[in-house]
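Let the hints inform the model, and build the full structure from the sequences given.
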Amino acid sequence: AERRDLTVNALYYDPSDNTIHDFTGGLQDIDSRTIRMIGDPATRFREDPVRLLRVARFTAKLGFSIEPRTAKPMSKLAADLAHVSPPRFFDETLKLFMSGNGASTYKLLREHQLFDQLVPQVAHLIKDASNNAARLIEQAFINTDIRISSNQRVTPAFIYAALLWPAVEKLAAQYTDRGNSGTYALSKASGEVIAKQITVTAIPRRFTMPMREIWDLQLQLPRRGGHRAKRLAENPRFRAAYDFILLREQAGEDLAGLGDWWTQYQESDEEQKLKMSELLSNTGNKRRRSRGPRHKKEPQG
Numbered sequence: 001a002e003r004r005d006l007t008v009n010a011l012y013y014d015p016s017d018n019t020i021h022d023f024t025g026g027l028q029d030i031d032s033r034t035i036r037m038i039g040d041p042a043t044r045f046r047e048d049p050v051r052l053l054r055v056a057r058f059t060a061k062l063g064f065s066i067e068p069r070t071a072k073p074m075s076k077l078a079a080d081l082a083h084v085s086p087p088r089f090f091d092e093t094l095k096l097f098m099s100g101n102g103a104s105t106y107k108l109l110r111e112h113q114l115f116d117q118l119v120p121q122v123a124h125l126i127k128d129a130s131n132n133a134a135r136l137i138e139q140a141f142i143n144t145d146i147r148i149s150s151n152q153r154v155t156p157a158f159i160y161a162a163l164l165w166p167a168v169e170k171l172a173a174q175y176t177d178r179g180n181s182g183t184y185a186l187s188k189a190s191g192e193v194i195a196k197q198i199t200v201t202a203i204p205r206r207f208t209m210p211m212r213e214i215w216d217l218q219l220q221l222p223r224r225g226g227h228r229a230k231r232l233a234e235n236p237r238f239r240a241a242y243d244f245i246l247l248r249e250q251a252g253e254d255l256a257g258l259g260d261w262w263t264q265y266q267e268s269d270e271e272q273k274l275k276m277s278e279l280l281s282n283t284g285n286k287r288r289r290s291r292g293p294r295h296k297k298e299p300q301g
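The opening residue of the sequence shown carries number 1 in the UniProt record's numbering; numbering runs sequentially from there.
Don't read these hints as lab results, they were simulated from the structure.
Check the hints yourself; a few may be wrong.
Quick list of the computed label-pair ranges, beta carbon to beta carbon [said to hold, decoys possible]:
#1 87 x 17: 35 to 45 Å
#2 63 x 272: 24 to 34 Å
#3 178 x 222: 16 to 26 Å
#4 19 x 267: 55 to 65 Å
#5 63 x 98: 12 to 22 Å
#6 46 x 124: 35 to 45 Å
Glycine included, C-beta positions come from ideal geometry on N, C-alpha and C.
Next up, the structure:
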């Protein structure tokens, strides 16, 4: 039993006489709804920093509370997660966020400064829990939990797209401020943010590629006049990108009704879809005629 991490998962059942053997006080902790580390918590966390994540995961999953002696060293030792190998860290994040308790797990990770180790590039952008970046990440976990409870498909690509979007958006803005096109800026920022993140959590390419496609479509979905809307709706990543637009709006970002437009478009028949697209195309043409000549800036960086 001492080799286990937590008292609540150190119980042993003996089928020969239908008895449960409890050597660590696990039954009492279950009754009191308490998560307690076996042995000295600080020592056990230093031995394997992933135990910090397990405490948060089991606490959220069971709806228990962390025993004070177990909780006390967690924030202080959070930086030890940097010693966890990126492949293992990635696997552990899937357990944290794809088990149906992502929102409550996220709150615990933030409370004990563990989340900062998971996405270091985003940590400073969500210090204020009320800003759009923090709300977007929290809402992403809420939505993921709802999908899991409804037996709908969830993917690490969407979760990581949400986790890293604040960093991508900020870096892309810096590139556009230097005179680069929005497309170039987003592509450059996406590549750099992912490159840094995989040194922390080794996100496989089968997920990083869809992440980039979801981000790329955030620039394309507003450009929906003429025949563009139909082509965009046929894109294999359209549904995920559309859900991402809705997520951004849920977090408080003003996208000028873009989510509602695409919702209505999907619910319309072919004739109505064409009218919606043509209306936007005609409006766009009028706006373009009213402006003076445009000068393109060469990509830099």
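Evaluate the given range 24 to 34 Å for the C-beta pair formed by residue 63 and residue 272. violated (46 Å)
Indicate whether the distance between the beta carbons of residue 178 and residue 222 respects the range 16 to 26 Å. Cβ of residue 178 to Cβ of residue 222: about 22 Å, so the range 16 to 26 Å holds.
Would you say the C-beta atoms of residue 46 and residue 124 sit inside 35 to 45 Å of each other? With a Cβ separation near 26 Å, residue 46 and residue 124 fall outside 35 to 45 Å, so the hint is violated.
When you take the CB atoms of residue 87 and residue 17, is the distance between them in 35 to 45 Å? holds (42 Å)
When you take the CB atoms of residue 63 and residue 98, is the distance between them in 12 to 22 Å? holds (18 Å)
Beta-carbon spacing of residue 19 to residue 267 - inside the hinted bounds 55 to 65 Å or not: Holds: the Cβ-Cβ distance is about 59 Å, inside 55 to 65 Å.
The structure fails to meet hints 2, 6 from the earlier list, while all remaining hints are met.
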